[in-house]
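The primary structure of each chain is shown beneath.
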Amino acid sequence: MFRHTPLRYAALVLLASAALFQAFTAQYFGLEILTEILILAMLVLALDMVAGFGGMVSLCHGALMGVGAYGYAVLSTTAGLTPPVAMGAAVAITAGLSWIIGAICSRSHGIYFIMATLAFGQMAYSYVFEAPIFGGDDGLGGIERLDLSVVGIDLNDTRTFALFCLVALAAMYGLAVVILRSGLGRSFSGVMHNEQRMRALGLTVWRVKADVFGLSGMIAGVAGVLAAQHIMYISPGLMAWTVSGEALVVVILGGLGTLVGPLVGAAVFVVLKHELSSLTTHWHLIVGVILIGVVMSRANGIFGFIEDFVAARSKSANTNPKAREGTKDA
Amino acid sequence: MLETRNLDKSFGAVHVTRRVSLKLERGERRVILGPNGAGKTTLFNQLVGELTPDSGRVHLAGEDVTALPVAKRARQGLSRSYQKNTLFDGLTVEENLGLAAAIYTGNATRIWSDSLGKAEVREIVRDVANQVDLMPFLHAKVSEISYGVRRQLEVGVALATRPLVLLMDEPTSGVGPEMAKGFHDLLNNLPRDLTLLIIEHDMDLAFDVADTITVLNYGEVVFDGLPDAARGSDLLKEIYLGSWEDA
Amino acid sequence: MITDLGFWTLQALNALQLSMLLFLLSVGLTVIFGLMHFVNLAHGALYALGAYFAASVAAMWGYWAALLLAPVAVAGVGVLLYSGFIQRMRKSGPMAQVLVTFGLIFVLLDMTRIVWGDLPLAIEVPAMLGGRLAVLGVEYPTYRVFIIVLGLVVLGGLAFVLGRTQIGAMIRAGVDNDEMAACLGINVERLFFCVFCVGCALAGLAGVVAAPLLSVSPDMSLQILIPTLIVIVIGGLCLLQRGVAGALLFGFVQTFGAVLAPQLSSVLIYALLAAVLVIKPVGLFPAKG
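Protein sequences, first through last, are from chains Y, G and P.
Here the first sequence is numbered in the numbering used here, starting from 1408 and rising by one per residue.
Here the second sequence is numbered in the numbering used here, starting from 296 and rising by one per residue.
Here the third sequence is numbered in the numbering used here, starting from 180 and rising by one per residue.
Be careful, since some hints might not be right.
To be verified - 25 Å max Cα-Cα, derived DSS-like pairs, lysine-lysine:
hint: 1; chain 1: G; residue 1: Lys-436; chain 2: G; residue 2: Lys-379
hint: 2; chain 1: G; residue 1: Lys-367; chain 2: P; residue 2: Lys-459
hint: 3; chain 1: G; residue 1: Lys-413; chain 2: G; residue 2: Lys-436
hint: 4; chain 1: G; residue 1: Lys-379; chain 2: P; residue 2: Lys-270
hint: 5; chain 1: G; residue 1: Lys-476; chain 2: G; residue 2: Lys-379
hint: 6; chain 1: G; residue 1: Lys-436; chain 2: Y; residue 2: Lys-1722
hint: 7; chain 1: G; residue 1: Lys-367; chain 2: G; residue 2: Lys-379
hint: 8; chain 1: G; residue 1: Lys-367; chain 2: G; residue 2: Lys-413
hint: 9; chain 1: G; residue 1: Lys-318; chain 2: G; residue 2: Lys-367
Treat the hints as calculated values from the structure; they're not laboratory data.
Between the sequences and the hints, there should be enough to build the whole structure, so can you do that?
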């Protein structure tokens, strides 16, 4: 189950201040990068929720985000719904689809779960790619942002939109924490540790998995809606499995199952990408090397490494004999 | 309360249970004895639904549950503990018990509230912790408690679903004779209306708890009766004690 | 068109050719997973490397030299990968293995771009295999017939080695129970190493063979990865016959799907995979353990 430690609070405060500072001081390009980070952060938050706390390593979260984006685009342009309704409907569709995928894949584990989610993600991708209503390879343009002028907010302003995304991310983070700390979240973690035992205790395991997966998909759907509004144009590339793969890489780089770590990972990843791609066209090479290094070091990503480091420091600071007591398992 | 009729299961050519019929009354404490490989755990797995018998029926509280999946049987009042600890290592004792109690009280799937914050869950946790002597360890993590206490917790987690029938697979497996004795006192102090079916390896300890004894050998019930009769049975000595020495 | 027997024969041959290519790729991966429980996503990158090596060698000494040398070179890369990463990651969980090999894809992809550039390369079909052959009443490119035959030869060779030789018996023992095999005095580590190298060489061979059909480009490895994984999941992570079954199923669904329902063809293959996993959550022919 998820717990807030002082270190995690500190990291959150630091991240939020950095984002706010950036939002108020940066120019156009800096704001674009900030928004990109915030949307990616929301996607990896959704992924960490299922992968880090329930062992459901999904390779379809990119596609789910795409469903949210395409849902919003089609509903707000072709179907002519107003942006708030289209947003709600797109998020609901993504959550529903995600729930179904979670329910179907709930019996698969390990590499088979990865493959099953990949199959569903690719199915969505292929369908969007082929179907004329989604604009095929050309994608869809002319997507409008939410109109908040009634309360005096203009989201077409880059700075305002970045702040809007920040607020949305904070809300989704809060939601994820509430879910993970709820009865459902506890059961979900219990299932990750020992599915058979939870079943023997009377838990309907597939329902728990599907529910959390659906909620995670909902957050991915919100990220998708924001992504569509951000660029105001979408193409099937958004749904390719490599997007999901990249999200997984960010979760791992940040720290699986820490919720805060993937947010750090998203910031590092986007900044690194922009910095490196201005230096070299081979930035994937460097990301690959870093990924291999992180995984082989056996640290749980950047944030996991910091947590271990801090824990080791405080342990050696107060020599606590109790911690070594009574751990003789057969 | 729990009844099996002619449970048959084989893996390939190996018969693991043969026409096993048992009948437990409400509140009865029955111990299953038998050498290694006699089919005791396989029988348990069929009772709780982790294995499907080739033929035969399982009845729980008068209802045929043979076709029900594991989770449904558990919700109808059938709980089990495992021979190897199946605890949630990163969690505290309280949280371990809470996971089970939350399932029983229907709090395990609520999105907006923490199950451990519910009064009904806390009450069960406290209750069970008292029953299996876990009060002093309530806030310790599983990794911080000794093996013997973990065995108590293993039974405690199974108890926290408020079962009608509790199946225990070698609850004292791996603990020393001294502690095992204490463990049996603990079992004797469980509520009298709880039906217990216990796999036990140690014959003397089994007689501490048992109202009735069933002996399995090669998947077959070879004895079914009162402990005193079992003690005097030559058949039992022959098949059980013979292999007990080298077990 | 649909009623024409020749049309069906042609498509069946196309499907068979695709299946054989996928078989060459997936058999290495399957055996590596079955024997070592190692999930190697970088297998597709080895295939791309095979194609690139082939392009370079073919430019100097022609296609036949490439067919011989490129698999050897890929096996050499395999040796490096094995001693650098695989050996150390053997005991880690599947998740860590997936991630490390995913990172390896990134690295190998960019390295091929650095060495060979971004532009696609082409390999000429050797003169001997140019032109067309009459097969079962249809005209079919000789080179594709060559791929089918090569696939069948490799299949036959592997079936012989696995079924009839001592090494094959050792490998089968290792797949069933590696600890037991070690107890029987089999040097499991060395066996793993050899199998890994052979698997890499086969991936390289698939790369060489595919090169004249496709243009050799950096994203070959990503394009082939998903089909290969699908073949393995459909076929189950087990030995030969299952790999063949998976490859054939994929090849035929893909080929006939593209012809009969072009709109749905790409969705169809993923639907097949999803259906397999829904019915059998651990693949059609589950691996043991």
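So, going through the hints one by one against the coordinates:
| no. | hint | result |
| --- | --- | --- |
| 1 | G:Lys-436 x G:Lys-379 | holds (18 Å) |
| 2 | G:Lys-367 x P:Lys-459 | holds (22 Å) |
| 3 | G:Lys-413 x G:Lys-436 | holds (21 Å) |
| 4 | G:Lys-379 x P:Lys-270 | holds (23 Å) |
| 5 | G:Lys-476 x G:Lys-379 | holds (19 Å) |
| 6 | G:Lys-436 x Y:Lys-1722 | holds (17 Å) |
| 7 | G:Lys-367 x G:Lys-379 | holds (23 Å) |
| 8 | G:Lys-367 x G:Lys-413 | holds (23 Å) |
| 9 | G:Lys-318 x G:Lys-367 | holds (21 Å) |
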